[in-house]
Amino acid sequence: MDWSQSLRLIAPEETLSIAGLVLLLVAAWGGDKASRLISILSVAALVAAMALVAPALCGGAMGPDTSAFFGQFHADAFSSFAKILIYGSAAITLVLAPSYFERFNSMRAEYPILVIFASIGMGMMVSAGDLLTLYIGLEMMSLASYVLAAFLRNDGRSAEAGLKYFVLGALASGILLFGMSLTYGFTGSTSFPLINAALANGLPTGALFGIVFMLIGLAFKISAVPLHMWTPDVYEGAPTPVTTFFATAPKVAGFGLLMRVLLDAFGGQSAAWQQIIVFIALASIVVGALGAIGQTNIKRLMAYSSINNVGFILVGLATTTQAGATGMLVYLTIYVAMSVAGFTAILMLKDADGNYVEEIAKLAGLSRTRPGLALALAMVMFSLAGIPPLLGFWGKFVVFQAAVQADMLALAAIGIAASVIGAFYYLKVVKVLYFDEPADVVTGESDVWHKIILVFSCLFISPFGYLLTGWLGANAEKATTALLAAL
Amino acid sequence: MIHIIAFYLFAVMTVGSGAITILSRNPVHSVLWLILAFFNAAGLMVLAGAEFIAMLLVIVYVGAVAVLFLFVVMMLDIDFAELRAGFVRYFPLGALVAVVLLAEMVLGIGAYHAGGIQLGTPSGTASTAAGVSNTAAIGALLYSRYLFLFEAAGIILLVAMIGAIVLTHRQRGDTRGQKISKQNARRPDEATVNVKPEVGKGVTL
Numbered sequence: 013m014d015w016s017q018s019l020r021l022i023a024p025e026e027t028l029s030i031a032g033l034v035l036l037l038v039a040a041w042g043g044d045k046a047s048r049l050i051s052i053l054s055v056a057a058l059v060a061a062m063a064l065v066a067p068a069l070c071g072g073a074m075g076p077d078t079s080a081f082f083g084q085f086h087a088d089a090f091s092s093f094a095k096i097l098i099y100g101s102a103a104i105t106l107v108l109a110p111s112y113f114e115r116f117n118s119m120r121a122e123y124p125i126l127v128i129f130a131s132i133g134m135g136m137m138v139s140a141g142d143l144l145t146l147y148i149g150l151e152m153m154s155l156a157s158y159v160l161a162a163f164l165r166n167d168g169r170s171a172e173a174g175l176k177y178f179v180l181g182a183l184a185s186g187i188l189l190f191g192m193s194l195t196y197g198f199t200g201s202t203s204f205p206l207i208n209a210a211l212a213n214g215l216p217t218g219a220l221f222g223i224v225f226m227l228i229g230l231a232f233k234i235s236a237v238p239l240h241m242w243t244p245d246v247y248e249g250a251p252t253p254v255t256t257f258f259a260t261a262p263k264v265a266g267f268g269l270l271m272r273v274l275l276d277a278f279g280g281q282s283a284a285w286q287q288i289i290v291f292i293a294l295a296s297i298v299v300g301a302l303g304a305i306g307q308t309n310i311k312r313l314m315a316y317s318s319i320n321n322v323g324f325i326l327v328g329l330a331t332t333t334q335a336g337a338t339g340m341l342v343y344l345t346i347y348v349a350m351s352v353a354g355f356t357a358i359l360m361l362k363d364a365d366g367n368y369v370e371e372i373a374k375l376a377g378l379s380r381t382r383p384g385l386a387l388a389l390a391m392v393m394f395s396l397a398g399i400p401p402l403l404g405f406w407g408k409f410v411v412f413q414a415a416v417q418a419d420m421l422a423l424a425a426i427g428i429a430a431s432v433i434g435a436f437y438y439l440k441v442v443k444v445l446y447f448d449e450p451a452d453v454v455t456g457e458s459d460v461w462h463k464i465i466l467v468f469s470c471l472f473i474s475p476f477g478y479l480l481t482g483w484l485g486a487n488a489e490k491a492t493t494a495l496l497a498a499l
Numbered sequence: 083m084i085h086i087i088a089f090y091l092f093a094v095m096t097v098g099s100g101a102i103t104i105l106s107r108n109p110v111h112s113v114l115w116l117i118l119a120f121f122n123a124a125g126l127m128v129l130a131g132a133e134f135i136a137m138l139l140v141i142v143y144v145g146a147v148a149v150l151f152l153f154v155v156m157m158l159d160i161d162f163a164e165l166r167a168g169f170v171r172y173f174p175l176g177a178l179v180a181v182v183l184l185a186e187m188v189l190g191i192g193a194y195h196a197g198g199i200q201l202g203t204p205s206g207t208a209s210t211a212a213g214v215s216n217t218a219a220i221g222a223l224l225y226s227r228y229l230f231l232f233e234a235a236g237i238i239l240l241v242a243m244i245g246a247i248v249l250t251h252r253q254r255g256d257t258r259g260q261k262i263s264k265q266n267a268r269r270p271d272e273a274t275v276n277v278k279p280e281v282g283k284g285v286t287l
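First to last, the protein sequences are chains A and B. The opening residue of the first sequence carries number 13 in our numbering; numbering runs sequentially from there. The opening residue of the second sequence carries number 83 in our numbering; numbering runs sequentially from there.
Hints are computed from structural coordinates only; laboratory data are not their basis. Every residue, glycine too, gets a C-beta built ideally from N, C-alpha and C. Check the hints yourself; a few may be wrong.
To be verified - From the structure, some residues in chain B lie toward chain A, with a derived Cβ separation under 7 Å:
1. R227
2. F230
3. L231
4. A234
5. A235
6. I238
7. V241
8. A242
9. I244
10. G245
11. V248
12. L249
Said to hold, decoys possible - Now the in silico label distances, taken between C-beta atoms and shown as ranges:
13. I433(A) <-> A93(B): 19 to 25 Å
14. L138(B) <-> L499(A): 30 to 36 Å
15. I52(A) <-> T217(B): 45 to 51 Å
16. V147(B) <-> S16(A): 42 to 48 Å
17. E233(B) <-> T308(A): 43 to 49 Å
18. G176(B) <-> L49(A): 57 to 63 Å
19. G168(B) <-> T308(A): 51 to 57 Å
20. S16(A) <-> A130(B): 49 to 55 Å
21. T217(B) <-> G42(A): 39 to 45 Å
22. V149(B) <-> T308(A): 44 to 50 Å
23. E233(B) <-> R165(A): 26 to 32 Å
Using the sequences and the hints given, assemble the complete structure.
Right, here's the structure in full:
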């Protein structure tokens, strides 16, 4: 193995690590007064990292040239696709944060630094070629996320969110680790290709247990049913910019990791995990759709919506085909854009005193007081529901198309039926926004950066987004080709 | 033969004390049972020929629990007189546990000298090179093959440290720090002096 080549391949991770360490020093001397500067520099570092990973995606990099450190790390087109989404959404949450935290006098210099370290961890997750890389990346992301959830430490709900996330997350990590040790014990290796080779002649019961336990741990991280219980509480309690972060980057990383593990390490044993994925996909769709109906807090509603969407994305994985995996990446990209738009709109809901409004009932008649904001929220809701002119429809379309091509008609039919149930609560929000008597609560001014992000993300999910679907699909295709070639 | 006896002893003790760790109602008892579980797990590692991991388990986990204990004793209001009251009554039980641990150590070392036990069939990639102690083997791998992951684990520790500081460090308004410059600038003629006024005379200030 060539060390200099390995070090070149991890250039984005190196950039981010050095940026994180230097900014930590700036934070130590500059204090919280420097937090705006640190945020700007962190965004610059994340953008630089995106620029560093972009060539691998455009060139469709794959094969042995892209594997670093004895195959523990893959810098191929798949990891680049996921990393662009991860770094991009991390940068957006950094832009969203300052005005929110300054409202509570809690903008601290450590926020951007923790986001950077979480991004390094997530980058490692999607590049993992070895169980150890997987676990270390996952823990780096999780530890930073626990702290971010509790970042408003004087706020009871935020502290509760942090504690719940930490306790349940530690349990999930333990179960994942147990599954990994079983897998290692029964295959004799932690490297994905060697695990796959060891399982080529059949699956011992111990390794099956390993798969099941690893799936439990990973399903927790992407908040798939039946391990979704933490999601509404954490999404509601965490500061809104942090919730935006949780709904975007860690989801991409979790799915990237799940695809690596299931399609690379256990790719030869897809019959063993396919039924599990089918079950959690359908359960997530149904529980997400039904659970959202009674919600009165819009952040909780978005949490159930995220569980629901995770189910749709898992439908792509359940097909075990390349078309399904490509569909997952397309859906993930669209989902990230919808989440960013949705949570940015939620961040802009402020009353006259500048307090953040989260009650759905208080948004009544928003279309008459803040027509632009109401339109944006309505677009997000229609798009999440998958109603045709908006881009959310395209995501569902490619995933279900893959399911139909893989002869999984029952899965597709149940998924589509459940998405109709889900449309009910999305439309209920639109009804409150447009047809109820104005409550005149949301009158506060919005930050200019929030407006810019909202406009761009709404443009992406609007019908104009269809202009990009060809390009997006082609890149996702390159990424999944590299994923399957990593074996 | 000694292998088999030692293995089953350690395995049963590990599982048993692990179960009591969760079942015991008193958290302090749980911690003690946890120590026993770690100790026996270390014994299993010794049997498997992984003496480095065994020592790591004892030093890191048992050591960490001891530190945790210190914190508990420091932070909680514990009546030491009451704590000592049970000493004589529980002494035989404590002595028994100590003897069991000692016996386990002797047995473990005996079994270790009789050679490692065969755990399944290691594949070519997982077996260690002959003639290298496993501390040296782990060190050689950690700083070469797994260098990237080792460095990443270092970043995890840094993140944990930042997290602990972010969540707990705060500037408190009610503390009075020492101001050395102010102390140095103090002059005797500005200061309060201690006088002994005689009765009926009054004082000059």
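Inset, instruction - Go through the hint on A234(B) and say holds or violated, using the shortest Cβ distance to chain A against 7 Å. - result: holds, 5 Å
Inset, instruction - Would you settle whether the hint for G245(B) is holds or violated, based on the nearest Cβ-Cβ distance to chain A being less than 7 Å? - result: Holds: closest Cβ of chain A sits about 4 Å from G245(B), inside 7 Å.
Inset, instruction - Go through the hint on A235(B) and say holds or violated, using the shortest Cβ distance to chain A against 7 Å. - result: holds, 6 Å
Legend entry - Distance restraint hint 49 to 55 Å, applied to the beta-carbon atoms of S16(A) and A130(B): Hint violated: Cβ distance 38 Å, outside 49 to 55 Å.
Legend entry - Interface hint for V241(B), Cβ within 7 Å of any Cβ on chain A: holds, 5 Å
Inset, instruction - Let me know if the C-beta of L249(B) comes in closer than 7 Å to any C-beta of chain A, holds or violated. - result: Result: holds, 6 Å to nearest chain A Cβ.
Legend entry - Verdict for G168(B), T308(A) (Cβ pair) under range 51 to 57 Å: The hinted range 51 to 57 Å holds for G168(B) and T308(A), with Cβ atoms some 54 Å apart.
Legend entry - Agreement of hint F230(B) with chain A interface, Cβ distance less than 7 Å: holds, 4 Å
Legend entry - Per-residue hint verdict: R227(B), partner chain A, C-beta under 7 Å: Holds - the Cβ of R227(B) comes within 7 Å of chain A, reaching about 6 Å at its closest.
Legend entry - Beta-carbon spacing of L138(B) to L499(A) - inside the hinted bounds 30 to 36 Å or not: For L499(A) against L138(B), whose Cβ atoms are near 34 Å apart, the range 30 to 36 Å holds.
Legend entry - Assessment of proposed distance window 39 to 45 Å (beta carbons of T217(B), G42(A)): holds, 43 Å
Legend entry - C-beta pair V147(B), S16(A): status relative to the range 42 to 48 Å that was hinted: Taking Cβ atoms as reference, V147(B) and S16(A) lie about 44 Å apart, which means the hint holds.
In summary, the numbered hints that this structure violates are 13, 20.
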